[in-house]
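Participant: Residue numbers (the working numbering), protein chains in the order written: chain A, 97 to 402; chain B, 97 to 402; chain C, 97 to 402; chain D, 97 to 402; chain E, 97 to 402; chain F, 97 to 402.
It is possible that some hints are incorrect.
No copy is singled out in the list; a pair is fine if it fits within one copy or between any two copies.
[Unchecked claim] Mimicking BS3-like on lysine-lysine, the simulated pairs with C-alpha atoms at most 27 Å apart in a straight line are:
| # | residue 1 | residue 2 |
| --- | --- | --- |
| 1 | Lys323 | Lys258 |
| 2 | Lys323 | Lys376 |
| 3 | Lys151 | Lys196 |
| 4 | Lys177 | Lys151 |
| 5 | Lys258 | Lys306 |
| 6 | Lys210 | Lys258 |
| 7 | Lys376 | Lys258 |
| 8 | Lys258 | Lys136 |
Rather than coming from a laboratory, the hints here were simulated on the basis of the structure. The model shown is predicted, which means the values in this text are computed figures rather than measured ones.
So the chains spell out like this:
Number of protein chains: 6
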Amino acid sequence: MSTLEQKVDMIFDSYNKYELTSRIDSDNIVSRDELIFIVKELRKLLFPGYFDNVKVRSEYVKYHIGEKIELIEYKLSKQIKRALDNCEECGLSTEELDLKASETAGAFMERIPKIRDYLYTDVQAAYNGDPAAYSTQEIIYCYPGIFAITVYRIAHELWELKVPMIPRIISEYAHNLTGIDIHPGATIGEYFFIDHGTGIVIGETTIIGKNVKIYQGVTLGGLSTRKGQLLKGVKRHPTIGDNVTIYSNSSILGGETVIGNDVIIGGNTFIVSSVAAGMKVNTRSPQLEYSVDSAKYNSEYSDWII
Amino acid sequence: MSTLEQKVDMIFDSYNKYELTSRIDSDNIVSRDELIFIVKELRKLLFPGYFDNVKVRSEYVKYHIGEKIELIEYKLSKQIKRALDNCEECGLSTEELDLKASETAGAFMERIPKIRDYLYTDVQAAYNGDPAAYSTQEIIYCYPGIFAITVYRIAHELWELKVPMIPRIISEYAHNLTGIDIHPGATIGEYFFIDHGTGIVIGETTIIGKNVKIYQGVTLGGLSTRKGQLLKGVKRHPTIGDNVTIYSNSSILGGETVIGNDVIIGGNTFIVSSVAAGMKVNTRSPQLEYSVDSAKYNSEYSDWII
Amino acid sequence: MSTLEQKVDMIFDSYNKYELTSRIDSDNIVSRDELIFIVKELRKLLFPGYFDNVKVRSEYVKYHIGEKIELIEYKLSKQIKRALDNCEECGLSTEELDLKASETAGAFMERIPKIRDYLYTDVQAAYNGDPAAYSTQEIIYCYPGIFAITVYRIAHELWELKVPMIPRIISEYAHNLTGIDIHPGATIGEYFFIDHGTGIVIGETTIIGKNVKIYQGVTLGGLSTRKGQLLKGVKRHPTIGDNVTIYSNSSILGGETVIGNDVIIGGNTFIVSSVAAGMKVNTRSPQLEYSVDSAKYNSEYSDWII
Amino acid sequence: MSTLEQKVDMIFDSYNKYELTSRIDSDNIVSRDELIFIVKELRKLLFPGYFDNVKVRSEYVKYHIGEKIELIEYKLSKQIKRALDNCEECGLSTEELDLKASETAGAFMERIPKIRDYLYTDVQAAYNGDPAAYSTQEIIYCYPGIFAITVYRIAHELWELKVPMIPRIISEYAHNLTGIDIHPGATIGEYFFIDHGTGIVIGETTIIGKNVKIYQGVTLGGLSTRKGQLLKGVKRHPTIGDNVTIYSNSSILGGETVIGNDVIIGGNTFIVSSVAAGMKVNTRSPQLEYSVDSAKYNSEYSDWII
Amino acid sequence: MSTLEQKVDMIFDSYNKYELTSRIDSDNIVSRDELIFIVKELRKLLFPGYFDNVKVRSEYVKYHIGEKIELIEYKLSKQIKRALDNCEECGLSTEELDLKASETAGAFMERIPKIRDYLYTDVQAAYNGDPAAYSTQEIIYCYPGIFAITVYRIAHELWELKVPMIPRIISEYAHNLTGIDIHPGATIGEYFFIDHGTGIVIGETTIIGKNVKIYQGVTLGGLSTRKGQLLKGVKRHPTIGDNVTIYSNSSILGGETVIGNDVIIGGNTFIVSSVAAGMKVNTRSPQLEYSVDSAKYNSEYSDWII
Amino acid sequence: MSTLEQKVDMIFDSYNKYELTSRIDSDNIVSRDELIFIVKELRKLLFPGYFDNVKVRSEYVKYHIGEKIELIEYKLSKQIKRALDNCEECGLSTEELDLKASETAGAFMERIPKIRDYLYTDVQAAYNGDPAAYSTQEIIYCYPGIFAITVYRIAHELWELKVPMIPRIISEYAHNLTGIDIHPGATIGEYFFIDHGTGIVIGETTIIGKNVKIYQGVTLGGLSTRKGQLLKGVKRHPTIGDNVTIYSNSSILGGETVIGNDVIIGGNTFIVSSVAAGMKVNTRSPQLEYSVDSAKYNSEYSDWII
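Sequences and hints are given; from them, build the entire structure.
Facilitator: Here it is as C-alpha cells:
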C-alpha cells in the first residue's frame, strides 16, 4: 500500500493535470448555505406569519418587515458582491463591486411587492385547481409547487437584475427539495399552477402565459446539442399560451414550438412541433409531427434530426 | 434608491392588500420541524435497532418502547392540538382541544402494531421483487420506497383519525426526500412495492389492492379541473386490483378507471379508461381508449374532454 | 384508552412477532450520517477550492490533501469495518476485520486520481452539452447531474472493492438530493452527461459507453419479477453504446437490450428490444418491438411476457 | 450484578423515599436556557452595536429596537408565566397568570432606559478606576465586572417587580461565568466598579452607596445560621456608604454593620462591626472589633457568637 | 517571514524535542464532552423532574429510569474502558478491559440510591442554612454549591471504584462552572452545605464530618512541596469534625491539622495547626499557631517551615 | 402600559443620550467566538494528541501541523485586522491593515515553539509540585492552572506583538473558565505553577521570576486609584523573585513592592511593601508594613494612603 506521502503526491499531480477541476488560489464562490438562509428569510417576508416561529402581531408588523429587510439585504449584498467578483465577463473593478452589489440588493428588495402580486395569483390557481387542497393555508405551508414557484419568482428577479450564479444556485436548491427544475431565465405569467411537480423541467428561454397548469414529469425543454456554448442566448425552449393544461410526463421541446391558448395536452406525449390554439392532443393524435424541420436547427449545433 | 422606511411601507401595503397570503395576529401553524422529528422517532419505534445510535438490548427493549411512546405521544399531542386549533371546520371549543388532542395521539399510538403488520409485508414484497436487494436489512435501511411507504402508513392512520394538516405535511416531507408523493387519504393493501420511486404520484381517493408493484414516474391521478373545490370528496383517482405491475412513467387517471387483478401495464402508457383483469397492455395496445366519456365528468368541473 | 404499560406490551409483542423488522441485540449498521460527511469531504478533495470555506492556497495544497486523506481514510475505514462485520456472507473473522477495512479504505484512496480523470471528462461533456451553462465552475458547483455522477464514481470504486452496503447508502443519498438513482454496480464510460436528471434510474448491471447523454426521467432498467433473489447476478439491465442521446422519460429495459453507437432515442419511448447503431427512434418508430422474447427470460422469474 | 430491572426498582424506591428531591407529575420549572438567551439579547439591546453580529446602522436603529423588544418581551413573558405558575405563595389563579406575566414583562421592558442610565455610570467608573483599561469599548466588551453588574441590574428590576425564581437563576448564570455572586435583592448605587471580581459575594439585603469600588474576593455577607428560614426578610448584610474602596479578599458581615462614606478597607480584613466615615482600616487596625454583640443576633438563629 | 513549510518544520522539531507534551501515535484520552453529557444525565436521574425538558409523569417513571440507566451505563462504560486502557499502572490486558469497564459502570449505577441518600441531607442543610433560599426547589435548580456537591458525590463513588482520570475530569468540570474545587478523593459526611462557594478548595485526603458549613474562598489544603510525587498517598489535608462552620476566605492546611466538633472559624484565618472542639477562633485568636512543627513534615518534601 | 412604539422611542432616546454605550454605524469589534475557536485550535497545536478527536499518527504529523497553521493563521489574521481597524491610536491606513495583520499573525505563528518551550517547564513544575497529580497527562488534560498559563503564554506573545484588544479577550476567556485572571502584559518566568487557581489575579505590570508557585486567591495587584488613565504605563504591580511560594488568598500590591528570591508567603497576608530574599512571612510577621510611603504614589492618583 502507498504511504500517506505517496497518496498526497498522486493527488497533487492530479490537481496539476486538470486545472479545470481545481480552484487553487482562487477566492470562494458564493456561499450556498448563506443563499439558502436568505431564501428561507425571504419566504418569511413574502408570507408573513406562515413560517415564523411566533405570531406576527399587527402592532409589530412594521418592525418585523424592517428587521427582515435589513438582514436579507445585508446578506444578499455580500453574496452578490462575491458573485460579481467571481464573474470575469461582468468586468467590474474592485471599487465598483461594493456599490453595484448594494444597489442590486436594494433594487431586488423593492421588487418584493411585485413578487407578492404574482404569488397571490399562484396560490389562487392552486386552490382552484386542486380538489385535495383543504385551504390556501395548506397550499402555502406545504405544497412543493408553491415553494418551487416562490423560489423561481425570487430567482427570476435576480436574473433580471443580471446577478450571476446566484439565481441558478437557489433554483437548484428548490430543485433538490421538490424535483422541480425551473430555470430562473424562464418567463412565467400569473396564476401558474404546478401539481405534485416531481420531474418538471422548464428551460431558460421558455415563455409561459397566464393561467397555465402543468403536472409532474412535464418537460419544457430544448433539443439536444453537443456544441452547447454556440447556442447560448438562442431561444431553445417552447412558448406556452394562456389557459394551457399539460398532463404528466409530457415533453415539449424546441424554441420554435408554440402551444396555443386553451390547449390541453395529454400525458406522456413527446412534442417537437407547434400545436394550434384550442386543440386537445394525446400520444395518438395524428397531427403530432415528431420530425423536426432540420432547417430550423443548424445540424452543426443540434443532434436531433429524425 | 428607496430608504429602509420606504421599503417597509411598500411591503406593509402589500400585506394589507393580500390578506390571503398574510397571517398577521394568527397563532402558528403546526411545526414542520417537530413533525419531522416525530416521524424519525416513529421510524425507530417501528424498526427497532435499525435507526438507533446504539444496540437495542433485549433486556432494555420494554424501556426503549416506553421511552419512545412517551416522547412521541407527548410531542404528537401538542402538534395535533395546534392543528385542531387552527382548523375552523373542526369546530372544537378551547376546552375540548386538549382532550381531543391527547385522545387522538393515544389512539394513534395503539395503531403502531397494525402499521408494523403492514410494513412486514411491504419489506417482504421489496425483497422478493428486487434482484438488486442484498438483504431485508438493506431494504429497510436505505430503500426510498420503503421510507415513503412507512411515512404513508403513518400518515394514513392520522388521516383516518381525522387529524387535519399533519398527515399532508409529513407526506410532503417524504415527497421531498424521495420524490414519491402518496396522498395520506389513499388506501393501499399489503405487500406494496415501489421500486426507485422518483416521480410517483398516488392521489387522495386512489384504492390499491394487495401485492401491487409500481415503478418510478407512475401517476395514479385525477383528471385536471379548474374548479377544484367543487370536486372535494368525489372519487377522482383510479382503483388498482391485486397483483398488478405498473412500469415506469405510466399515468393512470380518473376515479372510474379500474385496473383489474393481475394486470401488467407497460411503461409510458397514458390510461384514462379501465383495463380488464389479466391483461397486459402497452402504449400500442389497441384496446386502450384515450378519450374519456364526457358524461362521467361534468364538463363544468373538469377540463379534460377529448 | 390503553395505559402506557399496555401500549408497551402491544408493541413488544409485535417485535417478537416479526423478527425480520426488529434488530434486537444486534450491532449498529453503518452510520449514514458519517457516510454523508465522508462524501462531502471527498467532494472537497476531488474539486479543491470549490466546496471549501476558504481559499486553498498553492503553498498549502499538499497539507490540504494530507489532512483530507487522513480524515477520510480514518472515517471510511471505521464504516467499512462495520459494514464487513454486519455482512454474514463476507465471512471474515474478528481478527481479519480491522486489516481488511484499513486495506480497503487505503486502496480506495489510491483511486482518487482515477476518479478525477473521469470527472474531468464529465464536466467537459456537461459544458459542451448545455447552452445554459455559463462556466464549468457553475457546472461543478451547482449541477445535480455532476453531483450524482461524482457520487456514482465514488460508490462504483467502493463497489469494485467489494465493500458491502456503503455504496448503496451513498447512492441513495445522491438519489435523495437529485432524484437521480444510479446503482453503484453500473459501468459508465467517460464524458457522461446527465441534464436536469430528476427521475433517472440506472440499474445494477447497466453498461454505458463513452460520450452518452441522458435526460430527466430516463430509465435504464430491468423487467419486473416477483422472484427477485433468483435473478441476483444475472445481467438484467441494458447496454448503451457510445455517443448515444436519450431524451426525457424514455424507458429502456432488459439485460439483452443493446442500444448501438450513435443512436438517438426520442422522449417517452418504452424500449424492450435492441436498437441498431446509428438509428434515431421515437414512440412511433415502427421498428420498435414491444414484446419480449419469452425464451430469453424464464417465465418463472419474470412477470413481463406480452 | 443487578439486572436492569433491579436497578430500576432501586432507584424507583429512592424516588418514593425522598419526595423533596423528586418532582414527579409536576410542570417544568422555568427554562434556564431560555433565560440565558434572554439575557444575551438584553445585553444587545442595552449596548447596541457591541454584541451584534453586524453593524447597527442608524437608518435601522428603531427597527432593531422594535425587533429586540418583541422577541425579549415574548420570551420573558412565557418564562415569567412559568415562574408564577410554579410559585405557590404567589397565589394566582390560572386565569390571572397570563395577564400578570405579560404585564410584568411589559413593565420590565419600560425600565430598560433606567438600566442604561445606571450602566453608563458603571462604565465610567470602570474607565476611571482601572489604568489597564484601554477604552470604554474594551470595558463593555470584555470586563467580567461590567457583565456581572449588567446582569445584576437586569435581575434587580425583575426582583423589584416580584418575579419569582428568575432573578436568582440569571444571577447564578453571571456567577458561573464571572465568579461574582450579587444577589438580585441587593441595592447598589451609581458608579459601581468591580475589578477582576472572582469570589465577590454581595448578599440579599446589602445596601451599597454611590461610587463604590470593590475587588476580587470581597464578601458583603451575613453571619452564619442553622435556622435560615426564620431569618427570611431580616436585614442580614452590611450597608456600604458612598466613595468606599474595599481591597481584595476582605469580608464584611452582618446586617447592622455600616461602613461610612469615604472609607478605605485594606485587603484580607474580616469585619463584623461598623467603620466610621473617612477611616482607612487594615487587618491590624486596633479599632476593628471581631466579636459581635450577641444581643444583636438572637442566638437561636445565628451560630456566630465569639 | 517563514514559509508554511518552515513553520511546519519548526513545530515538528519542537514535538520531537519535548515528548512529554506530545502524544503522537497514542490513543485518545477519555472524552471530556462525553463525560459532561453523562454528568448532566446523571443529574436528571438524581433529581427527576428538575432538569428534564418535560414533566416526568408517574405512569412513566420506571421507563424514564430505565432509559436513563441504559444510556448512562453504556456511555460511562465506554469512557471507563478508555480510561483503563490509558492507565499503565492499572495493568489490565486487552481482554480484561471490556469486562472491567462494564462491571465498574454497573457497580456505579447501583450506588445511585446511596448518592440520593446523601444529597437529600445536603439539600436540607442548604435550606436550613440560608435565609435567602425561597424553596428547596430553588436550591436544587440553581445553587452552585449543590451542583458542586452533586458532582463530588458522583466523582467520589467513581474514585472509590478505582476509576482513573474520570473522577478528576468531572470534578474540574464542576470547578469550571462554580469555582468550587473538591477533590474526588475527599471524604465528606452528610448535611454538607457550601454557601456561594467560589474559591473553595478541598484537597484529596481531607476528611469532613457531618453537618459542616463552609463559605466561599475556604481552603482545606496541603502545605506546599516541590517534590510532590514523593508525598502521593500521604494524608496531607486536614480533618474537620461535625457541626463545624468556616467563614469566607479562611485556609486550613496540613494533614495533621484537626478541627474539632462544633468549632466556628472566622473569616480570613490561616490555620496550620489543630483547633480543639467547641472553640470559636478568628484571625486574632492568640491560640492560633502559625508555625508548623517541622518534625511533622520532612523538610526534604515540604517547603513550609517557618 | 406603553405601546411597542412608545417603548421603542424611549430606548431610542436613551441611545442618543449616551453615545458612550451605543455603537451605532460602527463596524463590529473582533469576534469573541472566533477567538475562542482559535485558542482551542492553538491548544491542539501546542499539545498534539491531547485535545484532538483522533490519534495523531506519526506518518501524519507534518500534515496535521500544516493544516492547523493554515487554519489558525488565516482566522487570526482576520481578527487582528478587525482589531487594528477598530483601534484609533494604532493609526494604520486601510491599505496598511491587511499587510500588518497578516505579518503579525505570521510572526505569532513563528513563536509557537517558544511557547512550547515554556509550557514544557510549566507542566514539569505542576508535576513536581502536586502530590495529587497522577501523571503529566492528567495535568495537561484537566488542570485549570495549566490551561490559564497556556492562554496567558499565547496572549502574552500577541501583547508583545502589539495586537490590540485580542490578548485581553482571550485572557478573559480563560478567566471565565478558571477564575484565574492573568493580564497578558505580565512577565512570567519558566516553571510557573498555579495550584487550584480560582481567584488569582496577576496585574499588567507584574514581573514573576522562575520556579514560582502560587495558590488560589492570590492577588498580585495594584493600589486602587480613581484616576486610572493617568497611571497608564506606570509600573503598578509587584515584582516576584525566583523560587517564591505564595499561599492562598494573599494579596501583594504595588509597583515598587519586590518579593525577593526564595521567599515563602503564608496565606491571607496583605502585603504592600517589599520582602527580602529568603524570608518566610505570615499574617503576624512583625516586619510586614501595611502603610505605603505616600511619596511613592502621588496622592492625586491613588486612594490608598494609610
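Participant: Check each numbered hint from earlier against the structure, then list the numbers of those it violates in ascending order.
Facilitator: 7
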